[in-house]
Amino acid sequence: MVPYDTAAIPIANPPASSSSSTTISKPPEIDGLLAGAGYKVRSSDLRHVAQRLERLETAMLNSPSQHLSLLASDAVLYNPSDLSTWVDSLLSELNQSQSLPSLPSDLSDLISNPTALDASWMDQQLSPPTAAIPNQQPSQLTVVEEDSGIRLVHMLMTCAEYVQRGDLSLAGSLIQDMQSLLTRVNTGCGIRKVAGCFIDALSRRVFAAGGGGIPGSAYETEILYHHFYEACPYLKFAHFTANQAILEAFDGHDCVHVVDFNLMHGLQWPALIQALALRPGGPPTLRLTGIGPPSPDGRDSLREIGLRLAELARSVNVRFAFRGVAASRLEDVKPWMLQVNPKEAVAVNSIMQLHKLLVGPGLDPAHRPAPIEAVLGWIRSLNPKIVTVVEHEADHNQPVFLDRFTESLYYYSTMFDSLDACALQPEKALAEMYIQREICNVVSCEGSARLERHEPLARWRERLGRAGFRPLHLGSNAFKQASMLLTLFSAEGYCVEENEGCLTLGWHSRPLIAASAWHALPETAAVSPDVAVVGGAVM
Amino acid sequence: MARSNEVSINESKMVVPLNTWVLISNFKLAYNLLRRPDGTFNRHLAEFLDRKVPANANPIDGVFSFDVIVDRATNLLCRIYRPSDTDEPPNVADLEKPVKSESSSTVPVIVFFHGGSFAHSSANSAIYDTLCRRLVGLCRAVVVSVNYRRAPEHRYPCAYDDGWTVLNWVKSRAWLESTDSKVHIFLAGDSSGGNIAHHVALKAAESESGIEVLGNILLNPMFGGELRTESEKRLDGKYFVSVQDRDWYWRAFLPDGADRDHPACNPFGPKAASLEGVKFPKSLVVVAGLDLVQDWQMAYVEGLKKAGQQVKDLYLEKATIGFYLLPNNAHFHTVMDEIKKFVSSNC
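As given, the protein sequences belong to chains U and D, one line each in that order. Each residue of the first sequence is one higher than the one before, starting from 5 at the first, in this note's numbering. Each residue of the second sequence is one higher than the one before, starting from 1322 at the first, in this note's numbering.
Hint data in this document are derived by calculation from the structure and do not stem from the laboratory. Among the hints, erroneous ones may be present.
To be verified - With a straight-line cut-off of 25 Å between C-alpha atoms, the simulated SDA-like cross-links for lysine to any residue are: (1) U/Lys432 / U/Glu224; (2) U/Lys484 / D/Asn1353; (3) U/Lys347 / U/Asn321; (4) U/Lys44 / D/Ile1381; (5) D/Lys1639 / U/Arg51; (6) U/Lys484 / D/Leu1366; (7) D/Lys1334 / U/Asp49; (8) U/Lys484 / U/Met356; (9) U/Lys44 / D/Leu1366; (10) D/Lys1334 / U/Arg59; (11) D/Lys1559 / U/Arg59; (12) D/Lys1349 / U/Glu224; (13) D/Lys1559 / U/Thr62; (14) D/Lys1603 / D/Ala1628; (15) D/Lys1418 / D/Asp1382; (16) U/Lys484 / D/Lys1349; (17) U/Lys44 / D/Glu1368; (18) D/Lys1503 / D/Lys1603; (19) D/Lys1600 / D/Tyr1477.
So that you can see chain D by itself, here it is in the shape it has in the complex (with noise of 0.2 Å):
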């Protein structure tokens, strides 16, 4: 037992920078402790260990943020970021000047679902407030962070409802609009985001509201299913995760007696419907090459193309979960890249 874990240990060290290897693998050990064998969650552990960071009306490397409750029966709060071109702090009144005052351009506002497997993070979580920030200057976007609520306490589909909420929300903000008068938006999310993503933008689809989604960006998505797959089994505990961990979670958010093969886990599983015809949005997808979980990302992928949707994957070799979060490794820079291009190319 304890040389298998030796061996994990110097095999996830290998691959990741020695900063990062210590932020994955505190998230790693904090997370084993909050996750109890009965289901539960130690939800007052798992806040007193979140760093969490204010929102902040100063511009901070040409970013300034404010939040936002959408929805004061759930307590729906939203972190919006906004591009600042001077160092002058926005006036109070300001801040939800209409974006279209400051830029002839069409302005993307990408919906952003934190990661964390359902049950971890928030919208004010440091890392993840660290990267909306990013993905702002590098798409000239107002992004829209959802501080949805979290397994176990709130099992499928709150997560989706959430999102869902928070789309209608975004759509009927006139400030929003770029200089066509419609809110160009995309969904993004990584983990448990990425697949909150995918199910947002399929109601989205389905249901006659008319919202139009125009990307989704899926960073290292979490879908499942009853199968093990080869990557599940090759890679089990290798690199910060293992299947025992991602079947707690699925078990935390999905309906008491579900399996994994249920929709929300397998969206393109034997219990999913067809996505053939639907309008669904171009995605790109990111797959990190040691995460553990890629056979149902490059299915995921797969079931987009067999239904007639546009996907672009983007697989990246040697990368590992969280790589995104630090931008110490050429992956990092890799998928800022793709993602900027995919928004402007999409806008």
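Only chain U is shown next, with the shape it has when bound in the complex (with noise of 0.2 Å):
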């Protein structure tokens, strides 16, 4: 048997990229080898996390192993690049649960583990089980189409190399060179799809006047969006993780809100609404404001989806309202429109929007300061309990050109690459024309009509922490379940890291979303490094 090997495009972060953990500094105080190995530590604090560990050490040779065992698989755990905190986190959860009572089984199951929510996605988002048969390739690829493969390749980037230096009449021969190659290629040659996708957005920078991204209308994003979700996990990975993170913040809450900025068809929400009516004490009021572009043909869309979730809220006696706030793009919205009430428990939650307010770096902020700012700030003074944000784990906001086209190349065919394990049609088919208009809107369009502006986490973390955020840290319960459920619906290959408190969900170790939780700091209060922790003590 010949292995069958991806030798196009291999999985890596891409060249000049700036995104590479390994080129962020580290402040100089932090022990330089440990970080290498994944570990924050002060060095003026090594002695002090090697006490702790010696504590620990003892503490755990006086738990019976099953003991250990037990609080590994129940205590929930953030946060392990923190070695500090950590340690001291496994010390408390130790002795707390050496001093209490053990709960019975199914009661601790509840509390820690809302059965509600894995169920509702089984229930509603169950994929048929051929979605989870690995891609039956062949397992040889001839030599003549890994040929035809690296050519498309080196093609792709030599154009994008013309369109760098503006020779466009050579990158429009080389476009067509490529087109006709692409008719050679077999349609099992995996890198096949995304060089189209690549070519085409190619060839409308080049040829098109103006350069344009792929025109359509509000109604097929959302029939396409749908597709995505079905065909691959990285929506409902975002949806079950914000979730998730949704439902511990608002723990104790009677009064709840849900700000979605993008409804499209408020697929996120029938399993957080049966999973507040299964919280132990009963459900709060639940308010939901959606947000999303405005029906052209006089329908009310998103009106329709608030009634379709208001009828099954009241099908699980929780009670429920909805609104709809239409607007083109989300610096159109005004707080106002949310008609927030300060008593309520707010939830932010951003699925791959806040990248749609960037402008391109370097622009003079005073010329065109960016709609970020503004609508951070704007979250902020509704005084969220949490904002949870998901994005691309990409830099696809770089100023150069080429830069930009390569890391979208590596980016994107790691993504389709993990779409060929989808057996479901037309979803698969859908999926990647969706992506296809990603990749058209990264490649062919500038200005402000480029918004598929993606930035790393580690950007992200730096402009919420500036706009007065603090992380909320997603923990082993939250890790543990998401790696549960893609086990069970979707194709293995698909993993789900730790990061500093935040998860991504990538293909074969190169991750391409990221998801994240914040809580605002009261805006009377002096900033402060502290992190809280999503339904646990403050460390």
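Dock chain one against chain two, each of which comes alone in its own frame, and use the hints as you go.
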């Protein structure tokens, strides 16, 4: 058997990317060697951490091993990179569990693991079993196909260089060569589809007057989005992880309000409604404000979605109210439209929306202030209990075209690769079209037309930090459940990783989307580096 | 109980730098949480805790990396590390540029198996990413780090099969050939990775594949047996490792019902076939003097010698497990020099 490999676009962080974790500078007092191993410890704290480790060892030795395994399964743990906090949290878990009587296992399950959430995912977002079968690709690529794949990549890079240099006529003729090569490449060849998208995007950039993305109505976008949702787990992971965090943040509150920055078909919300319905002590009153584009044909699609969600809420006895806010752009939304009540616990939910508010880096902020600052500002003014943010884990907002092109080539070929494992049709084909539109926007649009300005997690951390938000760490329970659900419903190859309190979902070791949660410091409070933890004690 | 624990903590603290102590103690305690008495493993928590790094096609300190899927059926991934003379990142299509176009001298290709007692870590674990990068610069080599399937979910012989798959894959890559049109292959690994390197080399030697492995580099390789050796008794629990945890990992890796004299664990034990006359590669075996498994490692060295195989052992009296993870001790530098000499003289 000749092993099959995807030689054409290997999986990596691409060249010329500044998103690599190794290039982010660390504060000088952090132990450099431990940082290389993935742990952040101040050199001055080493001795203290060592002592705590000794204490932990003694405590563990004095616990029966059954007990330790149970602790490992049930305790919710956060941010293992921060060794000092990590060791302390383990110590306190051990001390707590030793002094309290253990809860009957079914009750403790409910408290730390809202199983309703699992059930909802399974009930509502169940893909037919065929989706879980790994891709049955032929085990051998012919040499011709591999060569064509590599040639296409070479040509794509060369073409991008021509575009970068302004040599549009050279670029144009290369595009024609690539288009003809594409017709000769077997459709089974991994690189073909993604190459096709990039060739198309380059073609629009070079040939279309004024450069352009793929035109499409909001309705079409919704259809494609829905199929992308079904064909691969990225959006499901985003919804699930955000819901988990929101559920925990709403704990103890009787009036809660979710502001969804992009309602679409409201796919995220049935699971949350059901989980709230099953909350011990009873559900809160739930308000949902869904933001979405205005419907052109007189339909009020937002209201339609709202009505359906209201029906569901009624069926599970959750008091529910919905409001739709129609806006073509997020920056057109004003906080008063959301009608937030100061007594409510507010969750702001943004799945792949914040990047649309960014501008090209390096532009003079005085000339055109980025809408992101204004929006983050009013989010903060709502005093939300939690802000859930999911974004693409990539730097597609680099100022130099060639860098952007290269990064997105890596990113989207990994994403296409993961999609190959999906057997559902037409979900897969439409999902590919959904991704194609993103590629087009990244490659062939500029200025205000370029909305897909993805930035990596590290940059979002900085930005949100500057805007007065502090991380709420996603813990081992969210990690475990996300992993479990992935193995149940998606092809092998997807992996969840923990990244300093955030979770990423990727394909074969390349993170592709990142989920994080935040809360806003009250505006009168001094800015402090303390970190709170979802559902647990403040550290 | 508490008192002997204090003693062992104090002893281990005296022989390694503080940051190494913190690193390895943290692993030790985390790993205690992951191993369940019934033999199952808390894989979710293990993955949550493992500090990983993505591959990076930007050269960092002269090395860039990228991941390749070698076998889709088992999702077998490898991380490839290559040297770069410039700070300029390679063109995406040039990641697999032929090594002979960059160097007229032979280019060693080191197939590396990370440690973790067959159950822990991955090719993209931060500690192993760092180690592989070092090997590239040290030996001017291409390093192929194998993300083999782990126990207890995948017992013997899965890890060996994955190693064998990658070895065949490496041999058949035209881009890895040196100017003499041959791929110059070394196998290397630490802890369980060292064990895997041995067994993959053995398979290569015994099969009719014609794959020649130029050398084996075994760092603190994981071997064992039913007998309790003197070093196991003397050093049990003193320097981060206990006999009990070693037993757990063997039970997790070996087939159900097998004991530690199974040839996978004890390659020169009563159940193993002789290596005499086998065309086995030269070996460099590094033994840490504070590793409780050292008697088995020295028995391995003896076994190779008795079978007429070439082996050099490097015994580092005051070294503990994991000394090669951080470059903050003399043993680290000694071993790196030896590895460099071994590779260049056998390439």
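Consistency of the hints with the structure:
1. With a CA separation close to 16 Å, the supplied pair U/Lys432 and U/Glu224 stays within the 25 Å bound.
2. Pair hint U/Lys484 plus D/Asn1353 holds up; C-alpha atoms about 18 Å apart against a cutoff of 25 Å.
3. With a C-alpha separation of about 22 Å, the suggested pairing of U/Lys347 with U/Asn321 holds against the 25 Å cut-off.
4. A threshold of 25 Å between alpha carbons decides the hint, and for U/Lys44 with D/Ile1381 the separation of about 20 Å falls inside it, so the pair holds.
5. The hinted pair formed by D/Lys1639 and U/Arg51 meets the criterion: a straight-line CA distance of about 22 Å does not exceed 25 Å.
6. At most 25 Å may separate the alpha-carbon atoms for a hinted pair to count; U/Lys484 and D/Leu1366 meet this at roughly 7 Å.
7. With a C-alpha separation of about 16 Å, the suggested pair D/Lys1334 and U/Asp49 falls inside the 25 Å cut-off, and the hint holds.
8. Our distance criterion of 25 Å between C-alpha atoms is met by U/Lys484 and U/Met356, whose separation comes to about 23 Å.
9. Proximity of U/Lys44 to D/Leu1366 is assessed by CA-CA distance (about 19 Å); at most 25 Å being required, the pair is judged to hold.
10. Note on D/Lys1334 and U/Arg59: the hinted pairing holds, with a Cα-Cα distance of about 14 Å set against a maximum of 25 Å.
11. For the suggested pair D/Lys1559 and U/Arg59, the alpha carbons sit about 16 Å apart, so the restraint of at most 25 Å is met.
12. A C-alpha spacing of about 54 Å is found between D/Lys1349 and U/Glu224, which places the hinted pair above 25 Å, so the restraint is violated.
13. Between D/Lys1559 and U/Thr62 the CA atoms are separated by roughly 14 Å; this keeps the pair inside 25 Å, and the hint holds.
14. In summary, the hint linking D/Lys1603 to D/Ala1628 is supported, as the alpha carbons are separated by about 12 Å, within the 25 Å threshold.
15. At most 25 Å may separate the alpha-carbon atoms for a hinted pair to count; D/Lys1418 and D/Asp1382 meet this at roughly 19 Å.
16. Between the alpha carbons of U/Lys484 and D/Lys1349 the distance comes to roughly 21 Å, so the proposed pair stays at or under 25 Å and holds.
17. For a cut-off of 25 Å, the pair hint linking U/Lys44 to D/Glu1368 stands: about 18 Å separates their Cα positions.
18. The suggested pairing of D/Lys1503 with D/Lys1603 holds, with an alpha-carbon distance near 18 Å, which does not exceed 25 Å.
19. Of the pairs offered as hints, the one joining D/Lys1600 and D/Tyr1477 holds, with about 24 Å between alpha carbons and a cut-off of 25 Å not exceeded.
Checked against the numbered hints above, the structure breaks only hint 12 and satisfies the rest.
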